[in-house]
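Throw the hints in and build the complete structure from the sequences for me.
Top to bottom, those sequences are chains A and B. With my numbering, letter number 15 in the first sequence gets 15, and the count goes up by one each step, no holes. With my numbering, letter number 68 in the second sequence gets 68, and the count goes up by one each step, no holes.
Calculated from the structure, these hints are not laboratory results. Note that the Cβ used here is the ideal one computed from N, Cα and C, for glycine as well. Careful: at least some of the hints might be erroneous.
Said to hold, decoys possible - Simulated coverage check for chain B against chain A, where a stretch passes if three residues somewhere in it have a Cβ under 8 angstroms from a Cβ of chain A:
no., stretch
1, 268-276
2, 279-287
3, 313-320
There are 2 protein chains.
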Amino acid sequence: MNNSPFLSVRPSRDNIISAHERVLFHGKKTPLLSSTAINEMVGCEIYFKAENFQKAGAFKFRGASNVVMGLDESYLEHGVATHSSGNHAGALALAAKLRGAKAFIVMPNTAPKIKVKAVKSYGAEVIFCEPNQKAREDTLAEVVEKENALFIHPYDNYSIIAGQATAAKEILEEKPGTDFIFVPVGGGGLASGSCLSANYFSSKTRVIGCEPAGADDAYRSLRDGKIHPSVNPKTISDGLLTSLSPKTFSILGELLERIVLVEENEIISAMRLVWERMKIIIEPSSAVPLAALYKERENFRGKKVAVIISGGNVDLDKLPWL
Amino acid sequence: MNNSPFLSVRPSRDNIISAHERVLFHGKKTPLLSSTAINEMVGCEIYFKAENFQKAGAFKFRGASNVVMGLDESYLEHGVATHSSGNHAGALALAAKLRGAKAFIVMPNTAPKIKVKAVKSYGAEVIFCEPNQKAREDTLAEVVEKENALFIHPYDNYSIIAGQATAAKEILEEKPGTDFIFVPVGGGGLASGSCLSANYFSSKTRVIGCEPAGADDAYRSLRDGKIHPSVNPKTISDGLLTSLSPKTFSILGELLERIVLVEENEIISAMRLVWERMKIIIEPSSAVPLAALYKERENFRGKKVAVIISGGNVDLDKLPWL
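Take a look at the structure:
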């Protein structure tokens, strides 16, 4: 553990503040958007944190750039490697490119074309595998051994979590009285980071996790007090197929308010609503929190709610309502 | 003419300044967005004026709200009326709603569903007609006579033009050294307003009009020194089907630098590029200026160029690349 270049314990308040400086070196402080029409439909005051406008099109650039910008040259000599359904892949590839390092990315062969294209456009090497957790991990292990690259896990890594925490930090700085932050839950990196930021920067703010009912492993894991792997998840939310990890499970078990589950048709409706009313492109995973908020709108009437739009990387040839 | 509640002469600098105050009463100062990737592709510094984020999803709210907010109660007694392929329709309907007035909107029966839906959602009455200039005008004349409503022309109206001018005014206030403003040309309201604002607020700034080659009536009109009607235009840019009018023809003839024509495939590529790289939804008409700038990029290398994204009202069931 002493040789690891990553944070070895749960990120502190100061770790997140330092992470934020590193993230903003290349990343963006994304805007908070709102829609009168959607506020009226839901009955509360919603701020959408537009991480679809983040570098590489998703919040994942925060974690990846925090790690890569913080590494000593020596760790980057043989490049970095990871497995990812897409957004962490693009984020890590771009962060590596910005530091002149190589990147090796293991991607499921079902990943959206636009995400694969983005990774390649940043000069990374893509290695495809079957779309399940075991194939990802096995393929990655081979790549890491062969290339001697530094493995950067998409979420079971405290430095990554500290980076993802900076989105919620920005929300709480811009809208101090926020009652709730709604976040999608895949591997739990964004949710964990958001919980930590709420805890450190705004004690009144509660974080609500949102998951597709067809990929409810985090919901079941937190309910049962043990990590359930994500087995054959069925959802169009391609960013939410992964399982919690020891680090994210531990943080969420302690700090997450609860998880709301939503159906596929609710996700598609919420996605289309945002496209039509807000004129921004969000990916299916990013529609899950709004779908959850709409479903439970009676419980949040009049509240000040932030919704993290996690990303905007959508295959424009394959829209879910067509 | 003395009974008209509209500006009777070409808007002055002060008219545009007053219009801006009225527009911002309900309208938005929209953001200027940029994309590193697109800047690199085109070779200049581009600012996209995001009027797709404007109220009712298009710049047209500026003109409509300037007129409607500036009218005496007495003029609104029987409501307002217009003909429009869509965005002026939605804008006028919303502006009327905000003042508690009725609105009667003549729309071609080919107008995008999302635009018709928006107009109806603002409580206006929609009257459909055949998709040509004569049918629009005849149908409108009937409606105006029957309802005694006040006709608000989508662009042959100096008060409308003063409102549309406020988008360029905002650009020039935020980016004082702007070399060029690229705007789409339909009836010429936005282009005329942009020319006036450039003339009053930034003498170095030139305005370039952009038109689909399949609807090149403004190009031919300015070349030949007389208004050519738009006959059977063939383009997916549904906001650019109309002809210039005496008022817009006169302003553009004097102040517009020139018009660049682009092909349909160039419009579709530019539209998709913005969706993919900027994660914002723009309608085909709004992609015409970027397509024009890209086509002539050699002439604008290193320049500071604003591109007005005129609107984001797209039928999401009918994307041009599918």
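Comparing the hints with the structure gives:
1. With 3 residues having a beta carbon nearer than 8 angstroms to a beta carbon of chain A, the stretch 268-276 of chain B meets the requirement of three or more and the stated coverage holds.
2. Restraint check on the stretch 279-287 of chain B versus chain A: 4 residues with Cβ-Cβ distances below 8 angstroms, three needed, restraint holds.
3. Check on the stretch 313-320 of chain B: 3 of its residues sit with their Cβ under 8 angstroms from a Cβ of chain A, so the three-residue criterion for coverage holds.
When each numbered hint is compared with the structure, no violation occurs for any of them.
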